[in-house]
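Chains as they are written, first to last, in our numbering: chain F, 1 to 248; chain S, 1001 to 1779.
Simulated from the structure, these hints should not be mistaken for laboratory data. Beta carbons are placed, not taken as given, at the ideal position from N, Cα and C, and that holds for glycine. Hints may be right or wrong, so weigh each one.
Claimed, not checked - Facing chain F, from chain S, some residues (calculated, C-beta under 10 Å):
id	residue
1	Arg1678
2	Gly1766
3	Lys1768
Stated by the list, open to error - Listed next, the stretches of chain S that the computed footprint assigns to chain F, with coverage defined by at least 3 CB atoms under 8 Å from CB atoms of chain F:
id	stretch
4	1177-1188
5	1655-1668
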Amino acid sequence: MEAILSARGVHKTFPGSENRVLSDVNLEIMPGEFVAVMGRSGAGKSTLLYALSGMDAVDGGQVFYKGKDITKLAERDMARLRAKEFGFVFQQAHLVSSLTLLENAVVAGHLAGAKDARAEAESWLTRVGVAGAIGRLPHQVSGGEAQRAAIARAMMGALGLLFADEPTGSLNKRSTQDVLDILSTISAGGQTILMVTHDVRCAMRAGRVLYLEDGKIAGEMQLEPYSENADLRGREARLTAWLSALSW
Amino acid sequence: MEKRVLIRAGLRRHRGAVLSLMLLAALTALALCGVLAVSQSARMYVNSETARLGMGDMTLWVSGAGDGAALAGDAANVPGVTGVRAQQIIYSEYEIGEQESDSEGQLIAYDPANFAYKMLESDLSGYADAPQDIAPGELYAGAAMRSMFGLDVGETITFPIARSGGKVTFTVAGHFEDPLMGSSMTGMKSFLISKSDYDAIAKMIGDAGSNGLARRGQMIHVDAGGAMNAAELSRAILEHTSIGAHLEFSHSAGVLRGFMLTLHNVFSGLMAAFAAVLLLVTLVVLGHAIGAGIEQDAADMGRLAAMGADSGLLRGVQLGMYALGIAPGLALGLAASGPVSAALLAMTVDTTGLLVPARVPVGLCVAVLVAAVALLVGFIWLRTAKIAHLKPIEAMRGTNRTAAKACATPIGSMLALSLAVRQVASGARRYAGVVLTALLLTLFASMTGRIASWLGPSGEGLMDAFNPADLHIAAQPMGDTPIDAVDTVIMQHSEITDRYALAMPSVSVNSVNMTANVITQPERFHMLAGETCMGEDEIVVTEFVAADLGVSIGERVNIAGPRGSGAYTITGIYQCANDMGANIGMSREGYIRIGEDRPQIWCEHYFIADPQRQGEIMAALGETFGGDVYLHENSWPGLFGILAAMDALTMAEYLLTAVFVLVVTMLTGGKLLLFERRDLCILRAMGMSSTRLRVSFALRFVFAGAAGALPGTAAGAIVTDPLAGYLMRLYGISNFASKPGALALVMPGLMVTAMFAVFGYAASAGIKRADLGGLIAGE
Chain F
1 MEAILSARGV HKTFPGSENR VLSDVNLEIM PGEFVAVMGR SGAGKSTLLY ALSGMDAVDG
61 GQVFYKGKDI TKLAERDMAR LRAKEFGFVF QQAHLVSSLT LLENAVVAGH LAGAKDARAE
121 AESWLTRVGV AGAIGRLPHQ VSGGEAQRAA IARAMMGALG LLFADEPTGS LNKRSTQDVL
181 DILSTISAGG QTILMVTHDV RCAMRAGRVL YLEDGKIAGE MQLEPYSENA DLRGREARLT
241 AWLSALSW
Chain S
1001 MEKRVLIRAG LRRHRGAVLS LMLLAALTAL ALCGVLAVSQ SARMYVNSET ARLGMGDMTL
1061 WVSGAGDGAA LAGDAANVPG VTGVRAQQII YSEYEIGEQE SDSEGQLIAY DPANFAYKML
1121 ESDLSGYADA PQDIAPGELY AGAAMRSMFG LDVGETITFP IARSGGKVTF TVAGHFEDPL
1181 MGSSMTGMKS FLISKSDYDA IAKMIGDAGS NGLARRGQMI HVDAGGAMNA AELSRAILEH
1241 TSIGAHLEFS HSAGVLRGFM LTLHNVFSGL MAAFAAVLLL VTLVVLGHAI GAGIEQDAAD
1301 MGRLAAMGAD SGLLRGVQLG MYALGIAPGL ALGLAASGPV SAALLAMTVD TTGLLVPARV
1361 PVGLCVAVLV AAVALLVGFI WLRTAKIAHL KPIEAMRGTN RTAAKACATP IGSMLALSLA
1421 VRQVASGARR YAGVVLTALL LTLFASMTGR IASWLGPSGE GLMDAFNPAD LHIAAQPMGD
1481 TPIDAVDTVI MQHSEITDRY ALAMPSVSVN SVNMTANVIT QPERFHMLAG ETCMGEDEIV
1541 VTEFVAADLG VSIGERVNIA GPRGSGAYTI TGIYQCANDM GANIGMSREG YIRIGEDRPQ
1601 IWCEHYFIAD PQRQGEIMAA LGETFGGDVY LHENSWPGLF GILAAMDALT MAEYLLTAVF
1661 VLVVTMLTGG KLLLFERRDL CILRAMGMSS TRLRVSFALR FVFAGAAGAL PGTAAGAIVT
1721 DPLAGYLMRL YGISNFASKP GALALVMPGL MVTAMFAVFG YAASAGIKRA DLGGLIAGE
């Protein structure tokens, strides 16, 4: 099977700094995979996400999405790719403040070229459990509801890859659980997900975990697919042990 | 101390807004001070020059009185008259190349010892040394002759002195400044020639006898030391001297100054109105900047309040910050008004005929600017009042910020459009500045457009205002040429559809000298009120005359002419801006009661079936009759200079409008980008291209601009004609009515909206640079 996303020799240095924040990163993400990227603070996790999603330029190397080098795309083509193929979930919900939850999803649907953006938006918002709040503006709902709406928005259209950056970073325990359950459900439905997190409970929902250290992939761990009946304690213990071995 | 630190920090944070306000303040001050500088400088200069040359309180143009010495002596003996000076002149038509003058010129014998006219350099940029004598065969012409006839140094000008080839040709040696009749607004034009040439022409006239085309005469300047008004002085002169029998026409110093300053006054009036609009727009922008600034700084203000800063300090910081932008802006505008008004005055020398030195009336300007500052400071204090109600903890948490409102406008598949509608609808307050600015600027542009529309591409509006009745071609035989011969030439080119005759003799109305428009068809007068004068004891008067004499419709006045005097009833008010409105209108039958009905006084006015052939007919008439028939159209040479000056003024106003729209858009756009940076980044992350976002951003300005332009256009349709009419009435033009077409009505609003669109797109350049990574970092 061909990788849906791959990186070859990607490196990046921030302006004014001599140290590479990403150094010769090579990776492949297969269709339907749920991959988590972990690492200490400052290891370059978010930078890697920007680079792989085309949100930020790289200094060198290539990033292929479905076989096409996206580092060479013009701004308009990159925007089209983000609209039709990529979805993003951020640490903050980052919903457009002047649009209701439904409208946030409808806009994404239109951008993705959905035939019936409104119906699809309602469907996704219902699936993530915010059907009762779709007419509200972002500041009128809780953080958990906003984040669930953000996932619904990200899922609009025929999504190829969902990028998630610390999606539970600003949520309470209950909301974190809800969001992770949604991501797991989506993943089980065959959605490819690349998630950056520093939370072991989040990472253990993934099928594969990459460990980033000083801008390089320092380790990789394969986990059995997550299911509702999985041995959560054992899964967490194995992941923690692996991370400890990597000086986590 | 802490205030200074906070003001400095505020200036750093809001430098864009402060610099924009500085620019607006500078432009407003420039417009205000520029108007004052131009109007004051021109007024003072004309006053000082007429005083320096000894032109007195009234000038009387006489002929047929020899050297005029006796008349001047009589005038000097009139009670109340303190001084009389006379200049020897010759009245004559003139030709420059293919162009013929449409009114008589006056050849003045050069007398530098008594009348020290200022000579101009060849490029009209400064003064040249005045010659001791003018060489025979040379003359000096007024500077306005350059715009009226393209008359430059080295070119020739011919004066038909007598029939059968009695012409005298002069070469232009230079231009001079004539503060009495140098403006292109004045039909009569003066030329300085040598005394020897003057004497030679006077002899030619004497020798020609009844074949003479030119006439010898004098300009008699009478000074009463300002002790009598124009009517009293005129009455005194006519009562105590025989000047009335030789009088061609007379004008008070005030009327002559009015002619000379017409262009400056029109310019000043329009610019003053514009400056007032600019001041209002500056207030609007300032209000918007303060509102947005407080919203932006609310968290910091909350923190400062938590640290113990009171609202007085916080408001003082805002006041200090904006005052530091506005005050230097006003000073800059004041400083720039000197060179700008100097440049304006220099640019219009060939229209105004005067090289007016720009003198900024600093005291007056400072007083006006201090009033403007007081207005702005008061406004800032008022707008910052909400700081007093700031709750520190709410401000720090940002919960005091006005959240977007849910809005019923649907999000359709045309995302750029529907997002623009949504943003404007949900955050209308932020676009209030754009809406108000669009309204005010549309209103002003409408007024400018109306004046341009009234003026017409060839100045038809001005000509209609100046002529008592409409016409295509006018012909006045000067000698024995029968009018039938003129008809024959015209009919070879086009059918004559209608005609009437008009004479313009001088009469005295209640002892005040005026020009009578005597017409064979009184129903042709441009009536403003009442009825036209069909009876032989009826007249119509202009608004100016009615106000000047203190008379109204139904009242009776006494009119004196060459053959006697009589009482006439005023039946109506008509329009004629000729002689600054010092005109009365009467029928032929009415005039015959007091004046002579000689064929030579009548000028035949024709309407032709094919007005397109007007130029061709004029050429044919000129070729056939030469100087024997005086010809004119609904135009005069100086009109083109005026049109050019008005076009330049209109362009300058549109340019300033564009600058204001640019500044308002950049300021509003900058604030919007700041507030919406996060949302815009999200939309970009969702896949909306920066171009699409920028189009959407520009569309918001289209909607906001249109929201202001629409009421601006409606208000323009209602109030601009009366406003412009009021302005025009100050200059003797009574019935200003622009009659704009549908396109002219909506064009200002469309232009203003289009400017907002273009500048809105330009202001959104920051969207392209928005750092998407900031979102992932959780900013």
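Subject >> Closest C-beta approach of arginine 1678 of chain S to chain F relative to 10 Å, hint status >> reply: Arginine 1678 of chain S check passes; min Cβ-Cβ to chain F is 7 Å, inside 10 Å.
Original post:
Taking 10 Å as the limit, does the beta-carbon of lysine 1768 of chain S come near enough to a beta-carbon in chain F?
Top reply: holds (8 Å)
Original post:
In terms of beta carbon proximity below 8 Å, does the stretch 1655-1668 of chain S have 3 or more residues touching chain F?
Top reply: violated (count 0)
Original post:
According to a criterion of three or more residues whose C-beta lies within less than 8 Å of a C-beta of chain F, is the stretch 1177-1188 of chain S covered?
Top reply: violated (count 0)
Original post:
Measuring from the C-beta of glycine 1766 of chain S to each C-beta in chain F, is the shortest one below 10 Å?
Top reply: violated (15 Å)
The earlier numbered hints that this structure contradicts are 2, 4, 5.
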